[in-house]
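So for the sequence shown, the numbering used here puts the first residue at 1; every next one is plus one.
Since the hints were made in silico from the structure, they are not lab data. Careful: at least some of the hints might be erroneous.
Simulated crosslink set (DSS-like; lysine-lysine; CA at most 30 Å straight-line) [what the hints assert, rightly or not]:
{"no.": "1", "residue 1": "198", "residue 2": "143"}
{"no.": "2", "residue 1": "311", "residue 2": "153"}
{"no.": "3", "residue 1": "288", "residue 2": "252"}
{"no.": "4", "residue 1": "143", "residue 2": "191"}
{"no.": "5", "residue 1": "252", "residue 2": "320"}
{"no.": "6", "residue 1": "153", "residue 2": "191"}
{"no.": "7", "residue 1": "198", "residue 2": "311"}
{"no.": "8", "residue 1": "478", "residue 2": "379"}
{"no.": "9", "residue 1": "311", "residue 2": "295"}
{"no.": "10", "residue 1": "143", "residue 2": "311"}
{"no.": "11", "residue 1": "379", "residue 2": "311"}
{"no.": "12", "residue 1": "143", "residue 2": "153"}
{"no.": "13", "residue 1": "295", "residue 2": "320"}
{"no.": "14", "residue 1": "288", "residue 2": "153"}
{"no.": "15", "residue 1": "302", "residue 2": "153"}
{"no.": "16", "residue 1": "66", "residue 2": "143"}
{"no.": "17", "residue 1": "288", "residue 2": "311"}
{"no.": "18", "residue 1": "153", "residue 2": "198"}
{"no.": "19", "residue 1": "288", "residue 2": "320"}
Have a look at the derived ranges for each label pair, beta carbon to beta carbon [what the hints assert, rightly or not]:
{"no.": "20", "residue 1": "407", "residue 2": "372", "range": "34 to 40 Å"}
{"no.": "21", "residue 1": "366", "residue 2": "294", "range": "41 to 47 Å"}
{"no.": "22", "residue 1": "196", "residue 2": "112", "range": "35 to 41 Å"}
{"no.": "23", "residue 1": "392", "residue 2": "68", "range": "55 to 61 Å"}
{"no.": "24", "residue 1": "201", "residue 2": "285", "range": "31 to 37 Å"}
{"no.": "25", "residue 1": "74", "residue 2": "407", "range": "50 to 56 Å"}
Ideal Cβ positions, reconstructed from N, Cα and C, are used throughout, including at glycine.
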Amino acid sequence: MNKTIRRASVFCLLLVLALLGRATWVQAYQARALADDDHNRRNTIAQYAQPLGNIIVAGSPVTGSKRTEGGDLAYKRTYEDGDLYAAVTGYSSQAYGSTQLEGIYDEVLDGTDTRLQNPLDALTGKRSAPGDVVTTIDPQVQKAASEALGDDKGAAVAIDPRSGQILGMVSSPSYDPSDISGTTDGDTWQKLLDDPDKPLVNRAMRQPLAPGSTFKLVVASAALENGLYDSVDEPTKSPVPYTLPGTSTVLKNESATAPCENATLRVALQYSCNNVFGKVAADLGQDKVRAMAEKFGFNTEKLDVPVRASKSVYPSTMDKAQTALSGIGQFEVTATPLQMAMVSAALANDGELAAPHMVSEVTDAKGGTLEDFEDGDTKRIVSSSTAEQLRSAMVTVVEEGTGTNARIDGAEVGGKTGTAENGVDNSNTPYAWFTSYAKDDSNGQEVAVAVIVEDSGSAASEVSGNGLAAPIARKMMKAALQR
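Hey, can you work out the whole structure from these sequences and the hints?
Written out as C-alpha coordinates, the structure is:
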(Lines of atoms letter the chains of each structure in order from A; the text may use other names.)
(Lines give C-alpha, C1' and ligand atoms only; values in the text may rest on other atoms or scores of the structure.)
Protein backbone atom coordinates (compact mmCIF):
# COMPACT_ATOMS: atom_id res chain seq x y z
CA MET A 1 0.00 0.00 0.00
CA ASN A 2 1.20 3.47 -0.82
CA LYS A 3 2.71 5.08 2.26
CA THR A 4 0.63 8.24 1.79
CA ILE A 5 -2.60 6.25 1.54
CA ARG A 6 -1.62 4.20 4.60
CA ARG A 7 -0.97 7.30 6.65
CA ALA A 8 -4.26 8.87 5.53
CA SER A 9 -6.13 5.66 6.46
CA VAL A 10 -4.59 5.60 9.92
CA PHE A 11 -5.41 9.27 10.40
CA CYS A 12 -9.03 8.72 9.32
CA LEU A 13 -9.29 5.72 11.63
CA LEU A 14 -8.04 7.84 14.53
CA LEU A 15 -10.62 10.49 13.68
CA VAL A 16 -13.37 7.87 13.68
CA LEU A 17 -12.18 6.50 17.03
CA ALA A 18 -12.06 10.01 18.45
CA LEU A 19 -15.62 10.68 17.29
CA LEU A 20 -16.80 7.37 18.76
CA GLY A 21 -15.03 8.16 22.02
CA ARG A 22 -16.54 11.62 22.16
CA ALA A 23 -20.02 10.33 21.41
CA THR A 24 -19.66 7.64 24.08
CA TRP A 25 -18.43 10.20 26.60
CA VAL A 26 -21.32 12.58 25.90
CA GLN A 27 -23.99 9.89 25.99
CA ALA A 28 -22.64 7.92 28.94
CA TYR A 29 -21.15 10.59 31.17
CA GLN A 30 -22.40 14.03 30.14
CA ALA A 31 -25.99 13.24 29.21
CA ARG A 32 -27.45 14.16 32.58
CA ALA A 33 -25.40 17.34 32.93
CA LEU A 34 -26.43 18.47 29.45
CA ALA A 35 -30.05 17.58 30.09
CA ASP A 36 -30.04 19.59 33.30
CA ASP A 37 -28.16 22.57 31.87
CA ASP A 38 -30.08 25.82 32.35
CA HIS A 39 -29.40 26.72 28.72
CA ASN A 40 -31.04 23.55 27.40
CA ARG A 41 -34.33 24.91 26.07
CA ARG A 42 -35.75 21.41 25.71
CA ASN A 43 -36.18 21.37 29.48
CA THR A 44 -38.30 24.51 29.40
CA ILE A 45 -40.31 23.21 26.46
CA ALA A 46 -40.96 19.96 28.33
CA GLN A 47 -41.78 21.76 31.58
CA TYR A 48 -44.53 23.81 29.96
CA ALA A 49 -45.75 21.13 27.53
CA GLN A 50 -48.77 20.39 29.71
CA PRO A 51 -50.69 22.19 32.45
CA LEU A 52 -48.70 22.35 35.69
CA GLY A 53 -49.88 20.92 38.99
CA ASN A 54 -51.18 23.35 41.58
CA ILE A 55 -50.34 24.91 44.91
CA ILE A 56 -53.35 24.46 47.18
CA VAL A 57 -54.66 26.73 49.94
CA ALA A 58 -57.60 25.52 52.06
CA GLY A 59 -58.59 22.96 49.44
CA SER A 60 -58.54 25.35 46.48
CA PRO A 61 -55.75 26.02 43.97
CA VAL A 62 -54.15 29.46 44.01
CA THR A 63 -52.28 28.63 40.81
CA GLY A 64 -53.36 27.51 37.34
CA SER A 65 -52.15 27.11 33.77
CA LYS A 66 -53.15 28.89 30.57
CA ARG A 67 -52.74 27.78 26.97
CA THR A 68 -50.36 30.08 25.12
CA GLU A 69 -50.71 31.34 21.54
CA GLY A 70 -47.80 30.55 19.27
CA GLY A 71 -44.26 29.73 20.28
CA ASP A 72 -42.88 26.40 21.49
CA LEU A 73 -44.09 26.68 25.10
CA ALA A 74 -47.62 25.29 25.21
CA TYR A 75 -48.70 26.53 28.65
CA LYS A 76 -47.82 29.30 31.09
CA ARG A 77 -48.40 29.61 34.83
CA THR A 78 -51.29 31.72 36.17
CA TYR A 79 -52.10 32.80 39.71
CA GLU A 80 -55.27 33.50 41.66
CA ASP A 81 -54.77 36.50 43.99
CA GLY A 82 -51.13 36.48 42.98
CA ASP A 83 -50.19 39.51 45.08
CA LEU A 84 -51.75 37.93 48.15
CA TYR A 85 -49.91 34.62 47.95
CA ALA A 86 -46.62 35.58 46.28
CA ALA A 87 -44.66 35.21 49.53
CA VAL A 88 -45.91 31.61 49.70
CA THR A 89 -45.91 30.42 46.10
CA GLY A 90 -43.01 32.35 44.63
CA TYR A 91 -43.11 32.47 40.84
CA SER A 92 -42.77 30.05 37.92
CA SER A 93 -41.55 31.96 34.89
CA GLN A 94 -40.79 30.69 31.41
CA ALA A 95 -38.00 33.28 31.22
CA TYR A 96 -36.71 33.72 34.78
CA GLY A 97 -37.04 30.31 36.43
CA SER A 98 -38.86 29.40 39.63
CA THR A 99 -38.66 30.37 43.30
CA GLN A 100 -40.12 29.39 46.67
CA LEU A 101 -42.62 26.50 46.53
CA GLU A 102 -42.72 26.73 42.74
CA GLY A 103 -38.97 26.14 42.65
CA ILE A 104 -38.68 23.51 45.36
CA TYR A 105 -41.43 21.36 43.91
CA ASP A 106 -40.96 22.12 40.21
CA GLU A 107 -40.51 18.45 39.29
CA VAL A 108 -43.73 17.47 41.09
CA LEU A 109 -45.61 20.35 39.51
CA ASP A 110 -44.39 19.65 35.96
CA GLY A 111 -44.74 15.85 36.20
CA THR A 112 -41.05 14.87 35.98
CA ASP A 113 -40.67 13.67 39.57
CA THR A 114 -39.93 9.93 39.43
CA ARG A 115 -42.33 9.30 42.30
CA LEU A 116 -45.19 10.20 39.95
CA GLN A 117 -44.30 7.45 37.46
CA ASN A 118 -46.03 4.09 37.28
CA PRO A 119 -43.97 1.12 36.02
CA LEU A 120 -45.21 1.52 32.44
CA ASP A 121 -44.37 5.23 32.39
CA ALA A 122 -40.90 4.40 33.66
CA LEU A 123 -40.35 1.94 30.78
CA THR A 124 -41.81 4.11 28.03
CA GLY A 125 -40.52 7.44 29.31
CA LYS A 126 -44.03 8.87 29.19
CA ARG A 127 -44.46 12.08 31.15
CA SER A 128 -46.59 11.59 34.24
CA ALA A 129 -49.56 13.70 35.24
CA PRO A 130 -48.32 16.46 37.57
CA GLY A 131 -48.86 16.48 41.33
CA ASP A 132 -49.96 19.18 43.75
CA VAL A 133 -48.50 20.94 46.78
CA VAL A 134 -50.92 21.34 49.70
CA THR A 135 -50.08 24.25 52.02
CA THR A 136 -50.97 24.99 55.65
CA ILE A 137 -51.94 28.59 54.84
CA ASP A 138 -55.28 29.84 56.16
CA PRO A 139 -56.76 32.26 53.60
CA GLN A 140 -58.49 34.39 56.27
CA VAL A 141 -55.25 34.89 58.20
CA GLN A 142 -53.42 35.64 54.95
CA LYS A 143 -56.02 38.21 53.91
CA ALA A 144 -56.07 39.81 57.35
CA ALA A 145 -52.29 40.26 57.26
CA SER A 146 -52.26 41.65 53.74
CA GLU A 147 -55.09 44.09 54.35
CA ALA A 148 -53.65 45.24 57.68
CA LEU A 149 -50.18 45.85 56.21
CA GLY A 150 -51.71 47.70 53.29
CA ASP A 151 -49.13 49.90 51.60
CA ASP A 152 -46.68 49.75 54.50
CA LYS A 153 -43.32 48.16 53.79
CA GLY A 154 -42.95 45.15 56.04
CA ALA A 155 -43.90 41.55 56.66
CA ALA A 156 -45.93 39.30 58.93
CA VAL A 157 -45.98 35.62 59.88
CA ALA A 158 -48.54 33.58 61.83
CA ILE A 159 -47.85 30.09 63.24
CA ASP A 160 -50.01 27.57 65.09
CA PRO A 161 -47.81 27.02 68.19
CA ARG A 162 -49.00 23.45 68.75
CA SER A 163 -48.48 22.10 65.25
CA GLY A 164 -45.91 24.44 63.71
CA GLN A 165 -48.23 25.06 60.76
CA ILE A 166 -47.60 28.44 59.14
CA LEU A 167 -51.05 29.98 58.83
CA GLY A 168 -50.06 33.20 57.12
CA MET A 169 -46.99 34.70 55.47
CA VAL A 170 -47.13 38.12 53.85
CA SER A 171 -44.45 40.44 52.49
CA SER A 172 -45.18 44.01 51.43
CA PRO A 173 -44.87 45.43 48.86
CA SER A 174 -45.83 42.34 46.92
CA TYR A 175 -46.13 41.53 43.22
CA ASP A 176 -48.30 39.37 40.97
CA PRO A 177 -46.30 36.37 39.69
CA SER A 178 -48.65 36.18 36.69
CA ASP A 179 -47.03 39.36 35.38
CA ILE A 180 -43.65 37.63 34.92
CA SER A 181 -44.71 34.07 34.07
CA GLY A 182 -44.29 34.38 30.29
CA THR A 183 -41.46 35.12 27.89
CA THR A 184 -42.42 38.69 26.97
CA ASP A 185 -42.48 40.22 30.43
CA GLY A 186 -39.03 41.81 30.37
CA ASP A 187 -40.22 45.34 31.14
CA THR A 188 -42.18 44.20 34.20
CA TRP A 189 -39.26 42.06 35.38
CA GLN A 190 -36.83 44.93 35.10
CA LYS A 191 -39.22 47.25 36.91
CA LEU A 192 -39.41 44.77 39.80
CA LEU A 193 -35.62 44.49 39.91
CA ASP A 194 -35.18 48.28 39.89
CA ASP A 195 -37.80 48.95 42.56
CA PRO A 196 -35.94 50.20 45.68
CA ASP A 197 -38.57 48.56 47.89
CA LYS A 198 -37.56 45.13 46.49
CA PRO A 199 -40.97 43.48 46.06
CA LEU A 200 -39.34 40.22 44.92
CA VAL A 201 -37.71 39.79 48.35
CA ASN A 202 -39.75 37.73 50.83
CA ARG A 203 -39.31 39.97 53.87
CA ALA A 204 -41.07 37.47 56.12
CA MET A 205 -38.21 34.97 55.96
CA ARG A 206 -35.47 36.30 53.71
CA GLN A 207 -34.62 39.71 55.20
CA PRO A 208 -33.28 39.60 58.77
CA LEU A 209 -33.19 42.99 60.49
CA ALA A 210 -32.51 44.27 64.01
CA PRO A 211 -35.36 42.88 66.19
CA GLY A 212 -35.12 45.61 68.80
CA SER A 213 -36.91 45.01 72.07
CA THR A 214 -38.74 41.88 70.88
CA PHE A 215 -35.39 40.15 71.49
CA LYS A 216 -35.81 40.88 75.21
CA LEU A 217 -37.99 37.75 75.38
CA VAL A 218 -34.91 35.71 74.48
CA VAL A 219 -32.80 37.51 77.09
CA ALA A 220 -35.49 37.06 79.75
CA SER A 221 -35.60 33.35 78.90
CA ALA A 222 -31.83 33.12 79.35
CA ALA A 223 -32.02 34.94 82.69
CA LEU A 224 -34.61 32.50 84.07
CA GLU A 225 -33.11 29.35 82.57
CA ASN A 226 -29.62 30.18 83.86
CA GLY A 227 -30.83 31.11 87.34
CA LEU A 228 -29.75 34.73 87.17
CA TYR A 229 -33.24 35.45 88.48
CA ASP A 230 -35.69 32.88 89.82
CA SER A 231 -38.88 34.67 88.88
CA VAL A 232 -40.21 37.37 86.59
CA ASP A 233 -41.34 39.13 89.77
CA GLU A 234 -37.94 39.19 91.47
CA PRO A 235 -36.29 42.63 91.49
CA THR A 236 -33.24 42.84 89.26
CA LYS A 237 -30.00 44.68 89.91
CA SER A 238 -30.43 47.31 87.23
CA PRO A 239 -29.38 50.87 88.00
CA VAL A 240 -30.71 53.95 86.29
CA PRO A 241 -28.77 55.40 84.62
CA TYR A 242 -27.01 52.29 83.31
CA THR A 243 -23.65 52.93 81.69
CA LEU A 244 -22.44 50.42 79.12
CA PRO A 245 -19.50 48.47 80.60
CA GLY A 246 -16.11 49.95 79.80
CA THR A 247 -17.62 53.09 78.26
CA SER A 248 -19.10 56.43 79.26
CA THR A 249 -22.23 55.78 77.17
CA VAL A 250 -25.53 55.69 79.06
CA LEU A 251 -28.12 53.20 77.79
CA LYS A 252 -31.29 55.26 77.78
CA ASN A 253 -34.86 54.05 78.27
CA GLU A 254 -37.64 55.09 75.95
CA SER A 255 -39.50 56.68 78.85
CA ALA A 256 -37.47 58.57 81.42
CA THR A 257 -40.33 58.26 83.93
CA ALA A 258 -40.86 54.48 83.61
CA PRO A 259 -40.17 52.52 86.83
CA CYS A 260 -37.11 50.78 85.39
CA GLU A 261 -34.61 51.07 88.26
CA ASN A 262 -34.08 47.55 89.64
CA ALA A 263 -37.33 46.57 87.90
CA THR A 264 -38.54 42.99 87.80
CA LEU A 265 -38.45 41.21 84.47
CA ARG A 266 -42.24 41.59 84.28
CA VAL A 267 -42.08 45.36 84.75
CA ALA A 268 -39.05 45.58 82.48
CA LEU A 269 -40.99 43.85 79.69
CA GLN A 270 -44.08 45.94 80.45
CA TYR A 271 -42.19 49.22 80.04
CA SER A 272 -39.46 47.82 77.74
CA CYS A 273 -36.64 48.89 80.08
CA ASN A 274 -33.35 48.95 78.20
CA ASN A 275 -31.27 49.29 81.35
CA VAL A 276 -32.61 46.00 82.72
CA PHE A 277 -32.03 43.87 79.64
CA GLY A 278 -28.71 45.48 78.76
CA LYS A 279 -27.51 44.71 82.29
CA VAL A 280 -28.98 41.17 82.22
CA ALA A 281 -27.20 40.38 78.94
CA ALA A 282 -23.90 41.75 80.27
CA ASP A 283 -24.29 39.80 83.53
CA LEU A 284 -25.08 36.56 81.71
CA GLY A 285 -22.36 37.01 79.13
CA GLN A 286 -22.63 36.56 75.41
CA ASP A 287 -22.18 32.77 75.49
CA LYS A 288 -25.26 32.14 77.62
CA VAL A 289 -27.40 34.58 75.66
CA ARG A 290 -26.20 33.06 72.40
CA ALA A 291 -26.95 29.55 73.62
CA MET A 292 -30.53 30.55 74.37
CA ALA A 293 -30.91 32.41 71.08
CA GLU A 294 -29.67 29.36 69.20
CA LYS A 295 -32.21 27.17 70.97
CA PHE A 296 -34.93 29.38 69.54
CA GLY A 297 -33.38 29.11 66.06
CA PHE A 298 -30.87 31.95 65.73
CA ASN A 299 -27.66 31.12 63.83
CA THR A 300 -29.37 28.17 62.11
CA GLU A 301 -27.90 27.79 58.63
CA LYS A 302 -30.63 25.54 57.23
CA LEU A 303 -34.06 26.54 58.50
CA ASP A 304 -36.32 25.03 55.84
CA VAL A 305 -40.10 25.42 55.99
CA PRO A 306 -39.54 23.94 53.30
CA VAL A 307 -38.38 27.20 51.65
CA ARG A 308 -35.06 28.06 53.27
CA ALA A 309 -35.16 31.07 55.57
CA SER A 310 -32.23 33.42 55.89
CA LYS A 311 -30.18 33.00 59.05
CA SER A 312 -31.16 35.14 62.01
CA VAL A 313 -27.96 36.11 63.78
CA TYR A 314 -26.79 36.44 67.35
CA PRO A 315 -23.16 37.55 66.99
CA SER A 316 -19.95 36.35 68.66
CA THR A 317 -16.69 37.96 69.78
CA MET A 318 -18.42 40.91 71.42
CA ASP A 319 -17.09 42.94 74.32
CA LYS A 320 -19.31 43.57 77.37
CA ALA A 321 -20.70 46.83 76.05
CA GLN A 322 -21.66 45.19 72.77
CA THR A 323 -23.15 42.25 74.66
CA ALA A 324 -25.29 44.70 76.63
CA LEU A 325 -26.50 46.28 73.37
CA SER A 326 -27.30 42.83 72.03
CA GLY A 327 -29.58 42.38 75.05
CA ILE A 328 -31.96 44.98 73.61
CA GLY A 329 -31.86 43.50 70.10
CA GLN A 330 -29.34 45.96 68.71
CA PHE A 331 -25.63 45.89 67.79
CA GLU A 332 -25.37 43.07 65.21
CA VAL A 333 -28.40 41.02 66.26
CA THR A 334 -30.73 40.34 63.35
CA ALA A 335 -33.96 38.36 63.00
CA THR A 336 -36.64 37.58 60.45
CA PRO A 337 -40.33 37.84 61.32
CA LEU A 338 -40.44 34.03 61.01
CA GLN A 339 -37.78 33.77 63.72
CA MET A 340 -39.55 36.12 66.11
CA ALA A 341 -42.84 34.28 65.53
CA MET A 342 -40.98 31.11 66.52
CA VAL A 343 -39.95 32.74 69.82
CA SER A 344 -43.55 33.54 70.73
CA ALA A 345 -44.73 30.16 69.46
CA ALA A 346 -42.33 28.28 71.74
CA LEU A 347 -43.37 30.28 74.79
CA ALA A 348 -47.05 29.82 73.92
CA ASN A 349 -46.54 26.05 73.53
CA ASP A 350 -45.32 25.53 77.11
CA GLY A 351 -41.68 25.99 76.14
CA GLU A 352 -41.63 23.57 73.19
CA LEU A 353 -41.03 24.72 69.63
CA ALA A 354 -42.96 22.84 66.95
CA ALA A 355 -41.00 22.80 63.69
CA PRO A 356 -42.52 25.52 61.47
CA HIS A 357 -43.75 24.38 58.05
CA MET A 358 -46.07 25.73 55.37
CA VAL A 359 -46.61 22.51 53.38
CA SER A 360 -48.76 19.73 54.80
CA GLU A 361 -48.36 17.23 51.97
CA VAL A 362 -47.30 16.70 48.38
CA THR A 363 -49.67 14.57 46.31
CA ASP A 364 -49.85 12.88 42.93
CA ALA A 365 -52.55 13.63 40.37
CA LYS A 366 -54.99 11.24 42.07
CA GLY A 367 -54.45 12.70 45.53
CA GLY A 368 -52.10 9.99 46.77
CA THR A 369 -49.47 11.20 49.22
CA LEU A 370 -45.92 11.45 47.95
CA GLU A 371 -44.61 13.32 50.98
CA ASP A 372 -46.15 14.61 54.18
CA PHE A 373 -44.99 16.85 56.98
CA GLU A 374 -45.84 15.88 60.51
CA ASP A 375 -47.41 18.46 62.78
CA GLY A 376 -46.04 18.93 66.27
CA ASP A 377 -42.47 17.76 65.66
CA THR A 378 -41.26 19.58 68.76
CA LYS A 379 -38.13 20.23 70.79
CA ARG A 380 -37.96 21.80 74.22
CA ILE A 381 -36.52 25.31 74.29
CA VAL A 382 -37.22 26.44 77.86
CA SER A 383 -38.83 24.80 80.88
CA SER A 384 -42.57 24.79 81.36
CA SER A 385 -42.09 27.12 84.34
CA THR A 386 -40.09 29.66 82.34
CA ALA A 387 -42.64 29.60 79.50
CA GLU A 388 -45.52 30.09 81.92
CA GLN A 389 -43.85 33.02 83.65
CA LEU A 390 -42.98 34.74 80.38
CA ARG A 391 -46.50 34.25 79.02
CA SER A 392 -47.80 35.92 82.16
CA ALA A 393 -45.38 38.82 81.65
CA MET A 394 -46.35 39.10 77.98
CA VAL A 395 -50.00 39.33 79.00
CA THR A 396 -49.03 42.20 81.30
CA VAL A 397 -47.42 43.94 78.31
CA VAL A 398 -50.71 43.76 76.39
CA GLU A 399 -53.05 44.49 79.27
CA GLU A 400 -51.07 47.21 81.05
CA GLY A 401 -47.92 47.99 79.10
CA THR A 402 -46.66 48.96 75.67
CA GLY A 403 -48.77 46.47 73.68
CA THR A 404 -52.35 47.51 74.42
CA ASN A 405 -53.31 47.71 70.74
CA ALA A 406 -53.14 43.92 70.51
CA ARG A 407 -55.98 43.23 72.97
CA ILE A 408 -58.73 40.86 71.80
CA ASP A 409 -61.91 40.55 73.83
CA GLY A 410 -62.42 37.06 75.23
CA ALA A 411 -58.91 35.84 74.41
CA GLU A 412 -55.62 35.56 76.26
CA VAL A 413 -53.13 37.74 74.39
CA GLY A 414 -49.49 38.24 75.28
CA GLY A 415 -46.91 40.19 73.34
CA LYS A 416 -43.78 42.28 73.15
CA THR A 417 -43.23 45.49 71.26
CA GLY A 418 -40.01 46.59 69.64
CA THR A 419 -38.63 49.70 67.98
CA ALA A 420 -35.29 48.96 66.36
CA GLU A 421 -32.76 51.58 65.35
CA ASN A 422 -32.03 51.76 61.64
CA GLY A 423 -28.93 53.33 60.13
CA VAL A 424 -25.95 55.12 61.63
CA ASP A 425 -27.08 56.97 64.77
CA ASN A 426 -30.64 55.86 63.91
CA SER A 427 -30.56 58.19 60.91
CA ASN A 428 -33.22 56.21 59.03
CA THR A 429 -36.82 55.47 59.99
CA PRO A 430 -36.81 52.92 62.85
CA TYR A 431 -38.37 49.48 62.45
CA ALA A 432 -41.59 48.82 64.34
CA TRP A 433 -41.93 45.24 65.67
CA PHE A 434 -44.52 43.23 67.51
CA THR A 435 -44.43 39.53 68.43
CA SER A 436 -47.27 37.88 70.27
CA TYR A 437 -49.48 34.90 70.91
CA ALA A 438 -53.21 34.48 71.47
CA LYS A 439 -55.37 31.69 72.89
CA ASP A 440 -59.14 31.30 72.85
CA ASP A 441 -60.29 28.78 75.47
CA SER A 442 -63.81 28.73 74.03
CA ASN A 443 -62.72 26.98 70.82
CA GLY A 444 -59.17 25.85 71.65
CA GLN A 445 -57.52 27.87 68.91
CA GLU A 446 -54.02 29.30 69.34
CA VAL A 447 -51.69 31.41 67.23
CA ALA A 448 -48.30 33.10 67.43
CA VAL A 449 -47.48 36.12 65.28
CA ALA A 450 -44.61 38.43 64.41
CA VAL A 451 -44.93 41.66 62.47
CA ILE A 452 -42.36 44.16 61.25
CA VAL A 453 -43.20 47.51 59.69
CA GLU A 454 -40.06 48.80 58.02
CA ASP A 455 -41.60 51.99 56.71
CA SER A 456 -45.16 53.26 56.97
CA GLY A 457 -44.45 56.80 55.84
CA SER A 458 -44.73 58.01 59.45
CA ALA A 459 -42.23 60.37 61.00
CA ALA A 460 -39.53 58.65 63.04
CA SER A 461 -40.95 60.15 66.25
CA GLU A 462 -44.29 58.46 65.55
CA VAL A 463 -42.89 54.97 64.99
CA SER A 464 -43.66 52.39 67.67
CA GLY A 465 -44.37 48.69 67.83
CA ASN A 466 -47.68 49.31 69.57
CA GLY A 467 -48.78 52.01 67.16
CA LEU A 468 -47.84 50.36 63.85
CA ALA A 469 -47.22 46.62 64.28
CA ALA A 470 -49.55 45.58 67.13
CA PRO A 471 -52.78 46.44 65.26
CA ILE A 472 -51.64 44.26 62.35
CA ALA A 473 -50.86 41.39 64.71
CA ARG A 474 -54.25 41.82 66.38
CA LYS A 475 -56.12 41.42 63.09
CA MET A 476 -54.10 38.34 62.20
CA MET A 477 -54.60 36.75 65.61
CA LYS A 478 -58.31 37.48 65.56
CA ALA A 479 -58.65 35.80 62.16
CA ALA A 480 -56.67 32.78 63.35
CA LEU A 481 -58.76 32.36 66.50
CA GLN A 482 -61.91 32.26 64.38
CA ARG A 483 -60.78 29.25 62.36
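To see whether the hints hold, each was checked on the structure:
no. : hint                     : verdict
1   : 198 with 143             : holds, 21 Å
2   : 311 with 153             : holds, 21 Å
3   : 288 with 252             : holds, 24 Å
4   : 143 with 191             : holds, 26 Å
5   : 252 with 320             : holds, 17 Å
6   : 153 with 191             : holds, 17 Å
7   : 198 with 311             : holds, 19 Å
8   : 478 with 379             : holds, 27 Å
9   : 311 with 295             : holds, 13 Å
10  : 143 with 311             : holds, 27 Å
11  : 379 with 311             : holds, 19 Å
12  : 143 with 153             : holds, 16 Å
13  : 295 with 320             : holds, 22 Å
14  : 288 with 153             : violated, 34 Å
15  : 302 with 153             : holds, 26 Å
16  : 66 with 143              : holds, 25 Å
17  : 288 with 311             : holds, 19 Å
18  : 153 with 198             : holds, 10 Å
19  : 288 with 320             : holds, 13 Å
20  : 407 with 372: 34 to 40 Å : holds, 37 Å
21  : 366 with 294: 41 to 47 Å : holds, 43 Å
22  : 196 with 112: 35 to 41 Å : holds, 38 Å
23  : 392 with 68: 55 to 61 Å  : holds, 59 Å
24  : 201 with 285: 31 to 37 Å : holds, 35 Å
25  : 74 with 407: 50 to 56 Å  : holds, 54 Å
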